[in-house]
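S.K.: Letter by letter, the sequence shown follows residues 1 to 556 in the UniProt record's numbering.
Simulated from the structure, these hints should not be mistaken for lab results. C-beta: ideal position from N, C-alpha, C; glycine also. Each hint can be trusted.
Computed list of lysine-lysine pairs in DSSO-like fashion (alpha-carbon distance at most 27 Å, straight line):
1. 300 x 377
2. 165 x 112
3. 112 x 46
4. 474 x 379
5. 474 x 377
6. 17 x 46
7. 458 x 112
8. 432 x 377
9. 300 x 379
10. 379 x 432
11. 474 x 432
Okay, the calculated beta carbon distance ranges per label pair:
12. 239 x 86: 34 to 42 Å
13. 82 x 250: 26 to 34 Å
14. 66 x 112: 22 to 30 Å
15. 77 x 112: 21 to 29 Å
16. 421 x 466: 23 to 31 Å
17. 46 x 455: 32 to 40 Å
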Amino acid sequence: MASAQYIPSELILHILKYLTHPIDLLNSSLTCKSWSSHALELLWYKPNFTRSTAWHSFCYTLNPSTLSLLPYTSFVRRINLSMLASEVENAQLATLSVCERLERVTLTGCHKLTDEGIVAFLGSSSRRSLVSMDLSDVGRVTDVSIHRIAETCPNLQGLNLSMCKEGSDRFIGVTDESIVVLAQKCPGLRRIKLNNCVMITDASAKALAQHCPALLEIDLMNCEITNDALFAIFQHSRELREFRVNQCTMLTDAAFTQSAFSNTFDCSNHYFDQLRILDLTAIYTITDDAVRQIVASAPKIRNLVLNKCHSISDDSVLAICLLGRYLHYLCLGHCGRLTDASIVQLARHCTRIRYLDLACCVQLTDRSVTELATLPKLKRIGLVKCTNITDQSIYALTSHARIANSLERVHLSYCTRLTLPSIMQLVNFCEKLTHLSLTQVPAFLRPDFQRFRRTPPKDFTPQQRNVFCVFSGKGVRDLRAYFNTLATITGDSLIQPSRAPPVFMNLDDNPNQDQAMNNHLQDNNNTGLARLEAPVAADLLNLEQPDEIVDGDDVL
Numbered sequence: 001m002a003s004a005q006y007i008p009s010e011l012i013l014h015i016l017k018y019l020t021h022p023i024d025l026l027n028s029s030l031t032c033k034s035w036s037s038h039a040l041e042l043l044w045y046k047p048n049f050t051r052s053t054a055w056h057s058f059c060y061t062l063n064p065s066t067l068s069l070l071p072y073t074s075f076v077r078r079i080n081l082s083m084l085a086s087e088v089e090n091a092q093l094a095t096l097s098v099c100e101r102l103e104r105v106t107l108t109g110c111h112k113l114t115d116e117g118i119v120a121f122l123g124s125s126s127r128r129s130l131v132s133m134d135l136s137d138v139g140r141v142t143d144v145s146i147h148r149i150a151e152t153c154p155n156l157q158g159l160n161l162s163m164c165k166e167g168s169d170r171f172i173g174v175t176d177e178s179i180v181v182l183a184q185k186c187p188g189l190r191r192i193k194l195n196n197c198v199m200i201t202d203a204s205a206k207a208l209a210q211h212c213p214a215l216l217e218i219d220l221m222n223c224e225i226t227n228d229a230l231f232a233i234f235q236h237s238r239e240l241r242e243f244r245v246n247q248c249t250m251l252t253d254a255a256f257t258q259s260a261f262s263n264t265f266d267c268s269n270h271y272f273d274q275l276r277i278l279d280l281t282a283i284y285t286i287t288d289d290a291v292r293q294i295v296a297s298a299p300k301i302r303n304l305v306l307n308k309c310h311s312i313s314d315d316s317v318l319a320i321c322l323l324g325r326y327l328h329y330l331c332l333g334h335c336g337r338l339t340d341a342s343i344v345q346l347a348r349h350c351t352r353i354r355y356l357d358l359a360c361c362v363q364l365t366d367r368s369v370t371e372l373a374t375l376p377k378l379k380r381i382g383l384v385k386c387t388n389i390t391d392q393s394i395y396a397l398t399s400h401a402r403i404a405n406s407l408e409r410v411h412l413s414y415c416t417r418l419t420l421p422s423i424m425q426l427v428n429f430c431e432k433l434t435h436l437s438l439t440q441v442p443a444f445l446r447p448d449f450q451r452f453r454r455t456p457p458k459d460f461t462p463q464q465r466n467v468f469c470v471f472s473g474k475g476v477r478d479l480r481a482y483f484n485t486l487a488t489i490t491g492d493s494l495i496q497p498s499r500a501p502p503v504f505m506n507l508d509d510n511p512n513q514d515q516a517m518n519n520h521l522q523d524n525n526n527t528g529l530a531r532l533e534a535p536v537a538a539d540l541l542n543l544e545q546p547d548e549i550v551d552g553d554d555v556l
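Can you make the complete structure from the sequences, with help from the hints?
M.R.: So this is what it looks like as structure tokens:
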């Protein structure tokens with residue numbers, strides 16, 4: 001004990017960082033005075049609230065009328081109340097006003113909070129330490145709170161105002177008025193999320209772009225913005241890494257092809273080389289031209305979401321192939337014009353894809369899945385309503401040893417041509433499988449299988465409940481065990497002999513098509529602006545384009 005108190009503070013802190021459990025830190029605080037101060041500061045640095053009683057005790061301790069031996073209010077740096085969202089009230093939040101060194105506050109889903117509580121918490125004096133506030137799904141917040149944040153938090157770097165409200169119950173509490181003021185008074189803002197804030201328009205986007213040059217992440221999902229907003233963002237936000245404008249239906253190709261985003265004359269110095277995540281879900285007017293421009297200007301995109309971009313075709317996927325090893329996450333759900341021709345090339349060129357959604361791409365066949373099965377890092381594949389695929393696709397997925405160590409989630413709902421033997425092989429071959437959806441697959445509408453499924457969502461109709469067939473976590477493990485039991489009882493070998501992937505010589509009686517596709521990609525790699533002038537894939541392959549665009553249901 002005598003020697004412990006003489007250990008330098010730097011060493012004490014280094015030792016205490018190895019103690020992750022609160023009880024261990026509490027016991028360490030009983031060693032001596034010097035250890036007590038450091039241990040309690042770490043214990044209070046980021047309080048973990050899982051029970052309402054702990055939160056109430058915390059508020060009582062912070063009350064100025066409560067006597068305490070240590071300055072607990074100065075220890076608290078981060079607060080996350082999302083686990084107690086239904087418990088937090090205005091008066092309790094106001095007690096945090098004494099924590100002057102608070103840096104990050106997370107109030108996700110605290111639906112009882114109003115402007116009154118948030119304003120009382122922030123107070124009137126400057127909070128220079130506060131750099132991040134998460135008010136997502138705090139549905140009663142309005143411009144009043146945002147104005148107070150702007151006035152008291154000059155060093156704010158992150159603000160989350162994302163809301164889940166859509167349809168008739170839309171969130172209208174935050175408007176351009178407060179966001180413009182926020183942009184002007186918080187120039188160091190780096191991340192802002194305004195998802196489903198339907199009163200946000202171009203005015204907010206322009207103010208943020210002009211006054212906050214360090215922005216790394218902007219989320220404007222379902223906001224009332226036009227091309228003018230993107231013109232301003234691409235002109236000023238040169239550090240942008242994550243950009244989400246899904247469901248902003250007024251955007252067009254011009255936002256990408258006629259803005260500063262297209263000012264890429266030297267392919268060795270890409271203007272948006274740092275952009276990693278781009279979400280364009282349900283922007284129906286986006287075409288191949290925009291996708292080609294995106295790939296040319298931001299060649300290191302890691303996550304690209306194009307779900308429900310109905311106008312894109314094989315030519316877009318050919319452009320995406322140029323992302324090569326940088327692409328990890330790709331969503332092409334409901335893009336009904338895509339064919340095997342482009343997906344085969346995607347599998348051959350973007351070999352580090354981990355997550356791929358091809359739901360409702362109704363023209364795809366076993367050829368695509370056979371090629372995708374060679375992806376060594378594939379963790380999740382979505383093939384919902386790809387009704388042309390058969391057992392041959394599943395056998396292809398189980399014909400590569402690497403898949404067994406990577407594949408975790410497989411979505412096969414509405415693939416009605418699948419049979420029991422292939423799924424049995426998939427479940428046993430992929431030991432890391434944690435999610436398998438087989439809704440509306442006739443072979444699995446059996447009571448003995450459905451007892452392992454997840455509980456159907458409450459808002460499903462009786463008919464939907466009857467065909468719902470999704471296995472997750474323990475359900476997958478139990479299903480695997482049941483399959484093995486069936487094999488033991490029947491005496492049959494559970495794992496079918498691996499069938500060789502089918503040999504596809506051509507797509508449309510043209511044996512030179514694959515070579516033409518490869519030449520097309522090679523030409524684009526070797527020339528600068530040729531990326532933007534590449535011939536249309538449909539013309540290159542003489543593929544027929546469907547008259548109607550298929551729009552299926554969401555992934556189950």
